[in-house]
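*Asks:* Residue strings, one per chain:
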Amino acid sequence: AQTVTQSQPEMSVQEAETVTLSCTYDTSENNYYLFWYKQPPSRQMILVIRQEAYKQQNAMENRFSVNFQKAAKSFSLKISDSQLGDTAMYFCAFMNTNAGKSTFGDGTTLTVKP
Amino acid sequence: GAVVSQHPSWVICKSGTSVKIECRSLDFQATTMFWYRQFPKQSLMLMATSNEGSKATYEQGVEKDKFLINHASLTLSTLTVTSAHPEDSSFYICSARGLTSGGSDTQYFGPGTRLTVL
Numbered sequence: 269a270q271t272v273t274q275s276q277p278e279m280s281v282q283e284a285e286t287v288t289l290s291c292t293y294d295t296s297e298n299n300y301y302l303f304w305y306k307q308p309p310s311r312q313m314i315l316v317i318r319q320e321a322y323k324q325q326n327a328m329e330n331r332f333s334v335n336f337q338k339a340a341k342s343f344s345l346k347i348s349d350s351q352l353g354d355t356a357m358y359f360c361a362f363m364n365t366n367a368g369k370s371t372f373g374d375g376t377t378l379t380v381k382p
Numbered sequence: 132g133a134v135v136s137q138h139p140s141w142v143i144c145k146s147g148t149s150v151k152i153e154c155r156s157l158d159f160q161a162t163t164m165f166w167y168r169q170f171p172k173q174s175l176m177l178m179a180t181s182n183e184g185s186k187a188t189y190e191q192g193v194e195k196d197k198f199l200i201n202h203a204s205l206t207l208s209t210l211t212v213t214s215a216h217p218e219d220s221s222f223y224i225c226s227a228r229g230l231t232s233g234g235s236d237t238q239y240f241g242p243g244t245r246l247t248v249l
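Residue numbers (the working numbering), protein chains in the order written: chain P, 269 to 382; chain S, 132 to 249.
Extracted from the complex, chain P is given alone in its bound form (with noise of 0.2 Å):
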């Protein structure tokens, strides 16, 4: 079975100042993706990035880029240039290739502040 850990239950960052979330996970599977998703106040959940593991190069979207470390199972997000709309709860996710489930961190529930 996947785990995923978030240690990072609450965090906050000033406007336009940069920010990162951890996000470990294990798993004995070669080929899987990983995902965080935004969660904001109305619920409804995001897609921010996504990364293949067989890739070794890190993901970026935007402001969003990820530090993808497979050996070490840790896939951090970076946001860069926070705005007050980046306020919300991220979810880490593992998603298993064959059967599609995925297995979501506890979050982290970040506030941009003015």
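The hints are simulated quantities; they were obtained by calculation from the structure and are not laboratory data. One or more of the hints may lead you astray.
[Said to hold, decoys possible] Mimicking DSS-like on lysine-lysine, the simulated pairs with C-alpha atoms at most 27 Å apart in a straight line are:
| id | chain 1 | residue 1 | chain 2 | residue 2 |
| --- | --- | --- | --- | --- |
| 1 | P | 341 | S | 172 |
| 2 | S | 172 | P | 381 |
| 3 | S | 151 | P | 369 |
| 4 | S | 186 | S | 197 |
| 5 | S | 186 | S | 151 |
| 6 | S | 145 | P | 369 |
| 7 | S | 195 | S | 145 |
| 8 | P | 338 | P | 323 |
| 9 | S | 186 | P | 369 |
Guided by the hints, dock chain S onto chain P, whose structure is given.
*Replies:* Below, chain S alone, put in the same frame as chain P:
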């Protein structure tokens, strides 16, 4: 991007009644859909995996007779909470497995349904 809808967005019902929640993938075909339950400020808890044309696979501890799942087509899955009780009050979220425009395997989430059982 891929869109998943859920209906209703919120529902209030009396104890003992049944409630049906629909999950639709609007612009793609989803062979697999998932149903989650989420309590306030907590993570998503997977309830079951729904595959088109076959019986759903329930996670350990989830009562299959309580939470009936039907995946009748490649774009529609339904969750029926039977004989609902106040402890079933929660936020229910569905997701559909599909491909991004770039061909990447991803889960897309519906907006969720808030169920309140009086």
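*Asks:* Now tell me if each hint is right for this structure.
*Replies:* Verification of the supplied hints:
no.: 1; hint: P:341 - S:172; in the structure: holds (25 Å)
no.: 2; hint: S:172 - P:381; in the structure: holds (20 Å)
no.: 3; hint: S:151 - P:369; in the structure: holds (23 Å)
no.: 4; hint: S:186 - S:197; in the structure: holds (15 Å)
no.: 5; hint: S:186 - S:151; in the structure: holds (17 Å)
no.: 6; hint: S:145 - P:369; in the structure: violated (33 Å)
no.: 7; hint: S:195 - S:145; in the structure: holds (21 Å)
no.: 8; hint: P:338 - P:323; in the structure: holds (10 Å)
no.: 9; hint: S:186 - P:369; in the structure: holds (16 Å)
Violated hints amount to a single one, hint 6; each of the other numbered hints is respected by the structure.
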